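Number of protein chains: 4
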Amino acid sequence: MAKRKNDLRTLRDALRRFADERDWDQFHSPRNLAASISIEAAELLECFQWQPEAKRVERVREEMADVLLYLIRLADKLDVDLVEAAERKLELNAKKYPVHKARGKSSKYTDL
Amino acid sequence: MAKRKNDLRTLRDALRRFADERDWDQFHSPRNLAASISIEAAELLECFQWQPEAKRVERVREEMADVLLYLIRLADKLDVDLVEAAERKLELNAKKYPVHKARGKSSKYTDL
Amino acid sequence: MAKRKNDLRTLRDALRRFADERDWDQFHSPRNLAASISIEAAELLECFQWQPEAKRVERVREEMADVLLYLIRLADKLDVDLVEAAERKLELNAKKYPVHKARGKSSKYTDL
Amino acid sequence: MAKRKNDLRTLRDALRRFADERDWDQFHSPRNLAASISIEAAELLECFQWQPEAKRVERVREEMADVLLYLIRLADKLDVDLVEAAERKLELNAKKYPVHKARGKSSKYTDL
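Residue numbers (the numbering used here), protein chains in the order written: chain C, 1 to 112; chain D, 1 to 112; chain U, 1 to 112; chain V, 1 to 112.
Errors might be hidden in some of the hints.
Stretch-level coverage of chain U by chain V, calculated; a stretch enters the list once three of its residues show a Cβ under 8 Å from a Cβ in chain V [what the hints assert, rightly or not]:
hint : stretch
1    : 63-74
2    : 94-103
Derived pair list, reagent style DSSO-like, types lysine-lysine, alpha-carbon separation capped at 27 Å [to be verified]:
hint : chain 1 : residue 1 : chain 2 : residue 2
3    : C       : Lys108    : V       : Lys96
4    : V       : Lys108    : V       : Lys77
5    : D       : Lys89     : D       : Lys108
6    : U       : Lys96     : V       : Lys96
7    : U       : Lys89     : V       : Lys77
8    : D       : Lys89     : D       : Lys105
9    : U       : Lys95     : V       : Lys96
Simulated from the structure, these hints should not be mistaken for lab results.
Predicted, not measured: the structure shown is a model, and the values here were computed from it.
Note that the Cβ used here is the ideal one computed from N, Cα and C, for glycine as well.
Excised from the complex, chain C in its bound form (with noise of 0.2 Å):
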C-alpha cells in the first residue's frame, strides 16, 4: 500500500462529502450501510465463485473497494475508530488461537 497519511481518515472525509452533495445522508442508516457491505461482500464472493482465479481483476478490485467505503461510512456513523477496533480485534484472536494450539489447523477456536 502506498505511503500515505490517514488513508481512511481521507476516504471517511471524501465520503461524507460524497452523500452530503447528494443529500443521502437519510439513507445512511447503520442498518442499510450494514446490508451493502453485506450485498458487496457477497459480489465480491461471486467473482471467485465458478473459479479458482477471478478472472476480472478489475472487478475483485472494485467490489473490494465498495466494502470498505460502506465499512468506512458505517464506522463513521457509528464513531468507531476502525484501526483500533481491528488491532483489538486481532490481540483477541491471538488469545482465542494460541500458536501451539491452533498452527496448521483451520478448525474453529472452540475445536481446538
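Starting from the known structure of chain C, fit chains D, U and V onto it as the hints suggest.
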C-alpha cells in the same frame, strides 16, 4: 480515527505475522478470504436485524473489525492497494451518480 | 424427501400461525425477510468455511431449515409461488446453459 | 401455491438431470452450493436495498428461485429432507419463542 501513519500497512504486516506463526497461509486462498468477508459481513448485519439500534456496540465493533481484517488480508494476497482502489471507486461513483441527478434519491444509477 | 402433499403450503400456513400468535407480522416486511434469508445463508456457509465436511450435521440442517422458512414466508408476503418460480428459473437456466456449450465447464454463461 | 404432489422432490430430480447432462456434479460440493445460496440470497436482498418495494418483481422471483434451487440441490447432496428439517426447526423456534414471552417483540430469544 486516530492519527497514525500507514495504518492499513501496519495491520497487513500484523496479519502476515499472525498467519505465518500459525502456518495458516495454506488456508488463505482468495476464495476462502472472500467467503470469510461475506460471513463476517452477515454477522455484522445480524446485529441490526431486529432492532434499529444495535444494542451490543462491542459486538458491532468486532464484526466490523473482522470484515476489515479479512479484507486487508485478501488485498495483501491479491496485491491490491485498498486505499487506491477505494479512491478510484469513489471517482467512478461520482460519475455514475452525478449530483444533479442523484440528489435526494436512493435509486440505483441505472434507474436515475 | 418424504411423500407428503403440499409440503410448502403446509409450512406456509404453519409460519402464518406462528407469526400471528406472536404478533410478528409487523416485523415481516419483505426487506426484513430478505435480510434474514441472507443472514441465515451466511450461517449455513460458515458451517463449511474451514472444513471440507461440515462436522455438525445437525447445525447444517438447522441453517438450511432457517433459509427455507424465511423464503417461504417471503413468498407468502409477495404472493410468489415458489415452485412455479423455481420451475421457470430452471427453464431459463437451461437456455442460458445449453448442454453442448456448458458441458464440464463451470464458467458463467456470459463467458461460455 | 399450486396443488402439486411432491414438488420439492420433482425439482430435486430435475436438478439432478440438469447437473448430470452438463457434467456439473464435480462443481457441486456442499461448500460450493452453500456459497451459491449465500450469493443468491444477497442478490435477493439487493432488490430491496434502496427501495421499500422492489420494483422488479420478476427479478425478485428469480432470485428467490435461485435460492430455492441451490438449497434443494444441497439438500440432495447431504441427504437432508428439507421439509422435515423445516418442521423440526419450527418446533424448536416455538420453544425458543414462547407466545407469552415473544408476543409483539422482535428481540432475539437470548434477550427475551
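Problem set entry | Structure versus earlier hints - violations, ascending order | 4, 6, 9
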